[in-house]
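Participant: Whole structure, please, built from the sequences with the hints as guidance.
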Amino acid sequence: MKKNFRIALAQLNVTKGNIRANLQQHIELIELAAEQHANVIVFPELSLTGYEPELLAELAFTPTDESVLALSRLATYHNMTIICGLPLKNESSADDAQAKPYIAAAICQPSRTVSFYKKQYLHEGETAFCAPGHDNVMLSVKGNKLALAICADFSEPQHAKDAQENGADIYLVSALISHNGYEGDGRLLADIARTHHFPVLLSNFVGETGGWQAAGQNRVWDVNGDKSEKGCTILNGILLCSLTGSDLLSSQFHPGTTRQ
334 MKKNFRIALA QLNVTKGNIR ANLQQHIELI ELAAEQHANV IVFPELSLTG YEPELLAELA
394 FTPTDESVLA LSRLATYHNM TIICGLPLKN ESSADDAQAK PYIAAAICQP SRTVSFYKKQ
454 YLHEGETAFC APGHDNVMLS VKGNKLALAI CADFSEPQHA KDAQENGADI YLVSALISHN
514 GYEGDGRLLA DIARTHHFPV LLSNFVGETG GWQAAGQNRV WDVNGDKSEK GCTILNGILL
574 CSLTGSDLLS SQFHPGTTRQ
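Our numbering puts the first residue of the sequence shown at 334, with every later residue one more than the last.
Worth double-checking, as some hints may not be accurate.
Below 30 Å or equal to it, Euclidean Cα-Cα: the simulated DSSO-like pairs (lysine-lysine) are [stated by the list, open to error]: (1) Lys422 to Lys336; (2) Lys475 to Lys563; (3) Lys475 to Lys336; (4) Lys451 to Lys494; (5) Lys422 to Lys494; (6) Lys451 to Lys475; (7) Lys475 to Lys349; (8) Lys475 to Lys494; (9) Lys336 to Lys563; (10) Lys349 to Lys494; (11) Lys494 to Lys478; (12) Lys560 to Lys475; (13) Lys349 to Lys478; (14) Lys563 to Lys451; (15) Lys336 to Lys451; (16) Lys478 to Lys563; (17) Lys422 to Lys560; (18) Lys560 to Lys451; (19) Lys451 to Lys478; (20) Lys563 to Lys335; (21) Lys494 to Lys336; (22) Lys494 to Lys563; (23) Lys478 to Lys335; (24) Lys422 to Lys335; (25) Lys451 to Lys422; (26) Lys478 to Lys336; (27) Lys560 to Lys494; (28) Lys560 to Lys335; (29) Lys451 to Lys335; (30) Lys563 to Lys422; (31) Lys478 to Lys560.
FRET-style restraints, in silico, Cβ to Cβ [as the list claims (entries may be wrong)]: (32) Leu521 to Glu498: 12 to 22 Å; (33) Ala403 to Lys475: 23 to 33 Å; (34) Pro465 to Asp524: 15 to 25 Å; (35) His370 to Gly544: 36 to 46 Å; (36) Ala461 to Thr590: 16 to 26 Å; (37) Trp545 to Arg445: 15 to 25 Å; (38) Ala432 to His530: 38 to 48 Å; (39) Lys475 to Glu391: 36 to 46 Å; (40) His467 to Leu582: 28 to 38 Å.
Hints were generated in silico from the structure; no laboratory data involved. A virtual CB, placed ideally from N, CA and C, is assigned to each residue, including glycine.
Facilitator: Structure (structure tokens):
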């Protein structure tokens with residue numbers, strides 16, 4: 334049975350390669366989400382490091398990295414699923430071409446289990462620095478099925494089609510979208526929502542990362558492709574969304590403590 338639940342879409346301004354400082358910002362937004370009784374919080378693509386393709390190999394995490402374990406402990410403490418972006422070491426092959434790290438999302442569950450989704454569809458410029466994943470991920474929260482996409486995944490029609498075929502109620506997008514790209518990507522996300530009859534939820538950066546000026550403006554596109562209230566362009570914070578299955582009940586932006 335699908336029950337009402339809350340998803341917090343985090344937006345934040347990160348520091349290039351400074352995992353310690355970025356982790357602290359994650360913790361602050363997780364605490365804010367917990368105050369609002371969120372069941373899930375999702376962060377943007379590569380949120381723990383910033384979007385820095387040339388640093389992926391240097392900064393890549395292992396599954397037992399202390400930052401991941403710290404977030405796992407918070408997931409248990411707050412009874413919240415925490416989804417954060419990071420580069421993940423590729424331990425599947427000794428071959429240099431296959432040993433490039435993944436652009437990944439760590440999924441920390443309240444049950445103390447941690448799993449990883451690996452971005453499948455890479456931008457052309459990313460292939461020199463990282464390897465693609467090959468498996469979709471589906472999460473279940475209070476009977477609701479959530480599919481996860483990382484940025485360019487949503488630009489490949491097969492990804493959203495797979496999510497629909499796997500019974501997704503909601504399509505979560507962890508991304509970096511610039512001011513210049515926001516309008517066009519917004520049209521694409523609205524079209525995904527209309528075509529596949531599930532709401533599309535976006536978590537984006539604010540500020541500069543990887544040479545891009547991120548647009549912020551976290552938001553939801555409902556099953557009709559209509560836009561919800563959005564986050565702003567300059568503040569850390571969360572867009573708190575209340576849903577039951579594919580029905581969006583409400584959304585409201587809650588600013589964090591730091592103006593960016």
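Participant: Now tell me, hint by hint, if it's right for this structure.
Facilitator: Hints versus structure:
1. Lys422 to Lys336: Violated: Lys422 and Lys336 sit about 36 Å apart, past 30 Å.
2. Lys475 to Lys563: Status holds; Cα separation ~25 Å.
3. Lys475 to Lys336: holds, 6 Å
4. Lys451 to Lys494: It holds: about 17 Å lies between the C-alpha atoms, which stays within 30 Å.
5. Lys422 to Lys494: holds, 28 Å
6. Lys451 to Lys475: holds, 24 Å
7. Lys475 to Lys349: violated, 36 Å
8. Lys475 to Lys494: holds, 23 Å
9. Lys336 to Lys563: holds, 24 Å
10. Lys349 to Lys494: This hinted pair is violated, its Cα atoms lying about 34 Å apart.
11. Lys494 to Lys478: holds, 15 Å
12. Lys560 to Lys475: Within the cut-off at roughly 24 Å; holds.
13. Lys349 to Lys478: Violated - the C-alpha atoms of Lys478 and Lys349 are around 33 Å apart, more than 30 Å.
14. Lys563 to Lys451: Within the cut-off at roughly 27 Å; holds.
15. Lys336 to Lys451: Since the Cα atoms of Lys336 and Lys451 sit roughly 28 Å apart, the hinted pair holds (cutoff 30 Å).
16. Lys478 to Lys563: Holds - the C-alpha atoms of Lys563 and Lys478 are around 23 Å apart, at most 30 Å.
17. Lys422 to Lys560: Given pair Lys422, Lys560 is violated - Cα atoms ~36 Å apart, limit 30 Å.
18. Lys560 to Lys451: holds, 28 Å
19. Lys451 to Lys478: Roughly 18 Å between the alpha carbons, so the hint for Lys451 and Lys478 holds.
20. Lys563 to Lys335: Holds, because 25 Å separates the two Cα atoms, which is no more than 30 Å.
21. Lys494 to Lys336: Judged against 30 Å, a Cα distance of about 24 Å means the pair holds.
22. Lys494 to Lys563: Holds, at roughly 26 Å.
23. Lys478 to Lys335: Holds - the C-alpha atoms of Lys335 and Lys478 are around 9 Å apart, at most 30 Å.
24. Lys422 to Lys335: This hinted pair is violated, its Cα atoms lying about 35 Å apart.
25. Lys451 to Lys422: holds, 11 Å
26. Lys478 to Lys336: holds, 11 Å
27. Lys560 to Lys494: The given pair, whose Cα atoms are some 21 Å apart, holds under the 30 Å limit.
28. Lys560 to Lys335: With Cα atoms ~23 Å apart, Lys560 and Lys335 stay inside 30 Å; holds.
29. Lys451 to Lys335: holds, 27 Å
30. Lys563 to Lys422: Answer violated: Lys563 to Lys422 is near 34 Å, above 30 Å.
31. Lys478 to Lys560: holds, 21 Å
32. Leu521 to Glu498: 12 to 22 Å: Because 19 Å falls inside the window, the suggested range holds.
33. Ala403 to Lys475: 23 to 33 Å: holds, 25 Å
34. Pro465 to Asp524: 15 to 25 Å: holds, 24 Å
35. His370 to Gly544: 36 to 46 Å: holds, 37 Å
36. Ala461 to Thr590: 16 to 26 Å: violated, 38 Å
37. Trp545 to Arg445: 15 to 25 Å: Given about 35 Å between the Cβ atoms, the range is violated.
38. Ala432 to His530: 38 to 48 Å: Holds - the Cβ-Cβ distance for Ala432 and His530, about 40 Å, lies within 38 to 48 Å.
39. Lys475 to Glu391: 36 to 46 Å: Given about 39 Å between the Cβ atoms, the range holds.
40. His467 to Leu582: 28 to 38 Å: This hint holds: roughly 35 Å between Cβ atoms.
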